[in-house]
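Residue numbers (our numbering), protein chains in the order written: chain A, 1 to 210; chain B, 1 to 565; chain C, 1 to 335.
Keep in mind the hints are simulated off the structure, nothing from the lab.
A portion of the hints provided could be inaccurate.
Heads up, simulated EDC-like pairs for lysine to aspartate or glutamate below, C-alpha to C-alpha not over 20 Å straight-line [to be verified]:
1) B:K563 to C:E75
2) B:K363 to C:D243
3) B:K563 to B:E541
4) C:K138 to C:E235
5) B:K555 to C:E75
6) B:K555 to B:D522
7) B:K363 to C:E241
8) B:K546 to B:E565
9) C:K16 to B:E476
10) B:K512 to B:E439
11) B:K363 to C:D72
12) C:K335 to C:E296
13) B:K555 to C:D72
14) C:K188 to C:E163
15) C:K188 to A:E125
16) C:K188 to C:E133
17) B:K363 to B:D522
18) C:K138 to C:D113
19) C:K138 to C:E110
20) B:K546 to B:D559
21) C:K335 to C:E197
22) C:K234 to C:D224
23) C:K303 to C:E235
24) B:K555 to B:E565
25) B:K555 to C:E133
26) C:K335 to C:D321
27) B:K512 to B:D367
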Amino acid sequence: MNATTATIPFETRSAATGAVPLESSADWSPSKGVVGMTCLIIAESAIFTIFVVAYLYYLGKDLSGPTPRQVLDLPILNSICLLSSSATITFALRSLRNGNTKKFNFWWLVTIALGAYFLLGTGREWHHLIHDKGLTIQTNLFGTTFYSLVGLHASHVIIGLLALSIVMAFAITGAVKREHAERVHVLGLYWHFVDVVWVVVFTVVYIIGR
Amino acid sequence: MNGTLTTGDISGATALGSIAATEKTVFDHIHSWLVTVDHKRLGLMYIIYALVFFVVAGIEASLIRIQLAAPNNHFLSPQVFNQLFTMHGTTMVFLVGMPMIFGFANYLVPLMIGARDLAFPRLNAFGFWLSVFGGLLLYFSFIGGEGMTGAGSAPDVGWFAYAPLTGKAFSKGHSTDYWILGIMIGGFGSIATAANIITTILCMRCRGMTLAKMPLLAWLNLIMCGMVLIAVSPLTAAQIMLLLDRFAGSHFFDTQAGGSATLWMHFFWIFGHPEVYVLIIPAFAFASEIIPVFSRKAIFGYPVMVGATLAIAFVSLSVWAHHMFTIGMSSTSNTFFAVSTMMVGIPTGIKIFNWLGTMWGGKLRFDTPMLFSTAFLFQFLIAGLTGIMLAAAPFNWQLNDSYFVIAHFHFVLVGALIFMIFAAVYYWFPKATGRLLSERFGKWHFWLFLIGFHMTFVTMHIPGILGMPRRIYTYEAGRGWGIWNLICTIGVAFQVIGTLIFVINILLSLRKGRPAGNDPWDAWTLEWSTSSPPPEYNFAEIPAVKSRRPLWDIKHPSDPDWKYE
Amino acid sequence: MVMAGLTQQGVFAAEKIDPALVPSVFAPESVPAHSISHLAGLVLAITGAIFVVVAGLLTYAVVRFRRRGNDDGTEPAQIYGSGPVEAAWTTVPFLIVVVLALTTARVIHEIQDARKPVAALDVQVIGHQWWWEFRYPKLGIVTANELHVPVSQGQDRLPTFLELRSADVVHSFWVPRLAGKTDLIPNKVNSMWIEPERPGLYLGQCAKYCGTQHAKMLLRVYVDTREDFDRWVKEQKQLAENDPTAAAGRLVFERTACINCHAVNGTVGNGRFGPDLTHLMGRATLGSGALTNSLEGLRAWIKSPEQFKPGVLMPAMNLNDADLDKLAAYLATLK
Numbered sequence: 001m002n003a004t005t006a007t008i009p010f011e012t013r014s015a016a017t018g019a020v021p022l023e024s025s026a027d028w029s030p031s032k033g034v035v036g037m038t039c040l041i042i043a044e045s046a047i048f049t050i051f052v053v054a055y056l057y058y059l060g061k062d063l064s065g066p067t068p069r070q071v072l073d074l075p076i077l078n079s080i081c082l083l084s085s086s087a088t089i090t091f092a093l094r095s096l097r098n099g100n101t102k103k104f105n106f107w108w109l110v111t112i113a114l115g116a117y118f119l120l121g122t123g124r125e126w127h128h129l130i131h132d133k134g135l136t137i138q139t140n141l142f143g144t145t146f147y148s149l150v151g152l153h154a155s156h157v158i159i160g161l162l163a164l165s166i167v168m169a170f171a172i173t174g175a176v177k178r179e180h181a182e183r184v185h186v187l188g189l190y191w192h193f194v195d196v197v198w199v200v201v202f203t204v205v206y207i208i209g210r
Numbered sequence: 001m002n003g004t005l006t007t008g009d010i011s012g013a014t015a016l017g018s019i020a021a022t023e024k025t026v027f028d029h030i031h032s033w034l035v036t037v038d039h040k041r042l043g044l045m046y047i048i049y050a051l052v053f054f055v056v057a058g059i060e061a062s063l064i065r066i067q068l069a070a071p072n073n074h075f076l077s078p079q080v081f082n083q084l085f086t087m088h089g090t091t092m093v094f095l096v097g098m099p100m101i102f103g104f105a106n107y108l109v110p111l112m113i114g115a116r117d118l119a120f121p122r123l124n125a126f127g128f129w130l131s132v133f134g135g136l137l138l139y140f141s142f143i144g145g146e147g148m149t150g151a152g153s154a155p156d157v158g159w160f161a162y163a164p165l166t167g168k169a170f171s172k173g174h175s176t177d178y179w180i181l182g183i184m185i186g187g188f189g190s191i192a193t194a195a196n197i198i199t200t201i202l203c204m205r206c207r208g209m210t211l212a213k214m215p216l217l218a219w220l221n222l223i224m225c226g227m228v229l230i231a232v233s234p235l236t237a238a239q240i241m242l243l244l245d246r247f248a249g250s251h252f253f254d255t256q257a258g259g260s261a262t263l264w265m266h267f268f269w270i271f272g273h274p275e276v277y278v279l280i281i282p283a284f285a286f287a288s289e290i291i292p293v294f295s296r297k298a299i300f301g302y303p304v305m306v307g308a309t310l311a312i313a314f315v316s317l318s319v320w321a322h323h324m325f326t327i328g329m330s331s332t333s334n335t336f337f338a339v340s341t342m343m344v345g346i347p348t349g350i351k352i353f354n355w356l357g358t359m360w361g362g363k364l365r366f367d368t369p370m371l372f373s374t375a376f377l378f379q380f381l382i383a384g385l386t387g388i389m390l391a392a393a394p395f396n397w398q399l400n401d402s403y404f405v406i407a408h409f410h411f412v413l414v415g416a417l418i419f420m421i422f423a424a425v426y427y428w429f430p431k432a433t434g435r436l437l438s439e440r441f442g443k444w445h446f447w448l449f450l451i452g453f454h455m456t457f458v459t460m461h462i463p464g465i466l467g468m469p470r471r472i473y474t475y476e477a478g479r480g481w482g483i484w485n486l487i488c489t490i491g492v493a494f495q496v497i498g499t500l501i502f503v504i505n506i507l508l509s510l511r512k513g514r515p516a517g518n519d520p521w522d523a524w525t526l527e528w529s530t531s532s533p534p535p536e537y538n539f540a541e542i543p544a545v546k547s548r549r550p551l552w553d554i555k556h557p558s559d560p561d562w563k564y565e
Numbered sequence: 001m002v003m004a005g006l007t008q009q010g011v012f013a014a015e016k017i018d019p020a021l022v023p024s025v026f027a028p029e030s031v032p033a034h035s036i037s038h039l040a041g042l043v044l045a046i047t048g049a050i051f052v053v054v055a056g057l058l059t060y061a062v063v064r065f066r067r068r069g070n071d072d073g074t075e076p077a078q079i080y081g082s083g084p085v086e087a088a089w090t091t092v093p094f095l096i097v098v099v100l101a102l103t104t105a106r107v108i109h110e111i112q113d114a115r116k117p118v119a120a121l122d123v124q125v126i127g128h129q130w131w132w133e134f135r136y137p138k139l140g141i142v143t144a145n146e147l148h149v150p151v152s153q154g155q156d157r158l159p160t161f162l163e164l165r166s167a168d169v170v171h172s173f174w175v176p177r178l179a180g181k182t183d184l185i186p187n188k189v190n191s192m193w194i195e196p197e198r199p200g201l202y203l204g205q206c207a208k209y210c211g212t213q214h215a216k217m218l219l220r221v222y223v224d225t226r227e228d229f230d231r232w233v234k235e236q237k238q239l240a241e242n243d244p245t246a247a248a249g250r251l252v253f254e255r256t257a258c259i260n261c262h263a264v265n266g267t268v269g270n271g272r273f274g275p276d277l278t279h280l281m282g283r284a285t286l287g288s289g290a291l292t293n294s295l296e297g298l299r300a301w302i303k304s305p306e307q308f309k310p311g312v313l314m315p316a317m318n319l320n321d322a323d324l325d326k327l328a329a330y331l332a333t334l335k
């Protein structure tokens, strides 16, 4: 009944740590971090899709209250800042790959600043909508779907900024080096995702919806 | 490598019930389990957690069946009954089904692909403890829920929690909030674990194991986890919306303010339908590993099995509104969903033929795992056929929300999934513990459970056809439903006894079971090359493989698989 | 203990069943129900045949390929697959699905897209937690829980078209012998039709979980002959009976909170939260099927509705016995 424990031809490898895969079926297999982050992005995309569907479904169905056209202004500067932060984070990563930690620190900080400006801008917009235009999440269907969709995105920006800030803290103490580029790259993927979502949200809310 | 190795144990690590090293106290032992990141331990903890809730949900079902055994019964109040059926369904799907499949995936995937652990061991532990917290939070509602009926009440809105019944207006108190939060937290755990398993399979296969050479269990779990990523998120999104409705005054599902009740239905079933495929695909995975071994033949049509499962995964994303045929969609929409639902039956059905083809011409050994697997084949066939009946939308207009549907999905979830979980436990218990489960108890378990299952769930189709709707705490005499309900209830007793024997079997065999050795079933995949139980690091040296059945190649050096693949 | 309790309540007493009342899907007496039943027959035949074939093959395999006692321990021939076989067993199911899909599409269209004849009767159904409101807009009738429709026989077809709405949560109208079910969804108007072909009483109930008393939101549909239906309409259109011997009870009704929820045509009561009581005694049951309608039943229900339908939204009215008697006596005159 018991199989003979004969020798299976082995490939002896010592365990590796960090971003190098432990063992692989071929000489190359995808990076764990990239695959894991891609999975997270897929799941998050599904969540955002549902909120976008709700937004589109309820367009024009309000029984009362302000309409998008009446109260929404295009957040142009905000969007420019957020989208260019995708470029700056790429510069940062490139610098790190070249080993230039000083440049990395600079571009990383710029990225954080741009993201923070976006958040501030969103906050100002909401303050204006609530206090000057009388639009809250309770007002009508537009209020419901607007604040939840934009808010969901903003919460992801906040999480992203938190992660970026932690890396910044490490970087300032000199702990971030060239060999960490892969991990930083994975975090960068999340940040790019947040930016792509903004493109979708912007299009749906401020262009199609208005 | 991952955490501390048990002292002195290289080849035969700690068996489940014994304390190996002398300097460890009981508290050290428990502590090591609480902080573990080892996929095998986490896998076992998931499975035990699921088994505990299986018993709890089974008790809930038994109470329901006692109440329904006769018309106008007064065993349970309507309030309690409504909580019980809600909790029974919610528990079975989220606290039994999901943890069970993730537990098995956790345990088996690294072993079967020649890896030492999952890709992200700490995330693995985090996902597990999130699930535990979610389940406990849900059950805390029995004490702290404060629903419509007063202090302490569990959710009573049905497991799919339709709006606007779940809105603040109709569900006062917090019972619905416990439903939302308990499941949402567990949902985050599921997404984390799914990402973990996908990464493991894509990045950590051993040398020689291309995607085309990995065991079907790995393939099917890969597909299942991909579906989890896409399908669980819509539920999370809908639940966030419901929370906003209940706490922030938004109007997503607030029909008094122009919100839509059908929107919740769409979102829920966009989750709900792929979810049931998520639950059943691991059953297919177990069948695809167990049936070949007990037929002494390779799986018939490996590439088609993979292709069919991929087809199921894609098509199942387009069938969700077959749960909504009665809501008043246009005839075009109804036709679309009827057709897509019938279509998804094709790749699902041909898998049965592939298993049949595996058995054909084999030498069938009917040890307990194979008994359960054979019953699975018959029962899954019936489940699929009643599914086709329900796909015919006009017939669905009669049978939707009736006991016919309950019979159908219990045939899938008990007759197919639970039976294969039993099979999987009997099959891999020796690997995890080093001891075989008793065959004698196993056969008693099987036959009693089989009789009870059929007595309950075959019969249950009849009241549905006679017009009995779901979720009613009692029914009128004179409609002809009483005798069938009584038979259904009696069947439960057999299933309860069968399950008890199963639990006793596990507890007894842990101490007194026959030692299993590495490979008690003469099987062919990598997990059977390690000791039983495997050492913490799984493999002393990571293997390299040349075919889908590496151990077959070793046992048959003159006739290895890679000559034919 | 459970069994003792159940036998004590006489719960296992043999159920008296009138076969004509069993709401079986396969005892259709209405055009759409017939269409569904025929489709179901075809589907059952096809799935039944599939079952016989596949289960037969499985059974054969289990028996024929069992390992024998005298087995020599060698492994059987390893077959990894077969293109032609797999193609065959994919094509045949595909063809079966095509047949089923086409038939299904036809019946969907037949039922859902049926043209409404000019002469059709219109009924508005409004679902409440846990009772049914029925309005006949063209006839000016409002009633509850028990629906009267004319039979459709012979050449002049007379289907009834139902418009379905909900006042609160999702409900579902299901009378199996007359049609498939359709949901009543707040903020949405659904429609369905029935065309009953034989007079009689048809039972149904709400088929979408709608809260605590979902189980007792029962339906009674009376399919009347033309003469009976016309007579019923005439009765319903009249104002409420004003029996002078029940005047005291009528005062109780008009001065208590009853009128906040209930309407009686011809009194000051015009509440719409609860069922219209103008012709209450024309109904066989109270509480949407919770108990039989009678003087004693009325009294007991008003005294404590919770006793018959725990969780019901009608509160106990806390009347003294004298008022209770008068009120019940009054309501019992509302024919």
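Hint by hint, here is what the structure shows:
no., hint, result
1, B:K563 to C:E75, "holds (17 Å)"
2, B:K363 to C:D243, "violated (86 Å)"
3, B:K563 to B:E541, "violated (25 Å)"
4, C:K138 to C:E235, "holds (15 Å)"
5, B:K555 to C:E75, "holds (11 Å)"
6, B:K555 to B:D522, "holds (9 Å)"
7, B:K363 to C:E241, "violated (83 Å)"
8, B:K546 to B:E565, "holds (10 Å)"
9, C:K16 to B:E476, "holds (11 Å)"
10, B:K512 to B:E439, "holds (13 Å)"
11, B:K363 to C:D72, "holds (11 Å)"
12, C:K335 to C:E296, "holds (16 Å)"
13, B:K555 to C:D72, "holds (17 Å)"
14, C:K188 to C:E163, "holds (10 Å)"
15, C:K188 to A:E125, "violated (35 Å)"
16, C:K188 to C:E133, "holds (16 Å)"
17, B:K363 to B:D522, "holds (13 Å)"
18, C:K138 to C:D113, "violated (23 Å)"
19, C:K138 to C:E110, "violated (26 Å)"
20, B:K546 to B:D559, "holds (13 Å)"
21, C:K335 to C:E197, "violated (28 Å)"
22, C:K234 to C:D224, "holds (14 Å)"
23, C:K303 to C:E235, "violated (29 Å)"
24, B:K555 to B:E565, "holds (17 Å)"
25, B:K555 to C:E133, "violated (75 Å)"
26, C:K335 to C:D321, "violated (24 Å)"
27, B:K512 to B:D367, "holds (19 Å)"
In the structure shown, a violation is registered for the earlier hints numbered 2, 3, 7, 15, 18, 19, 21, 23, 25, 26, in ascending order.
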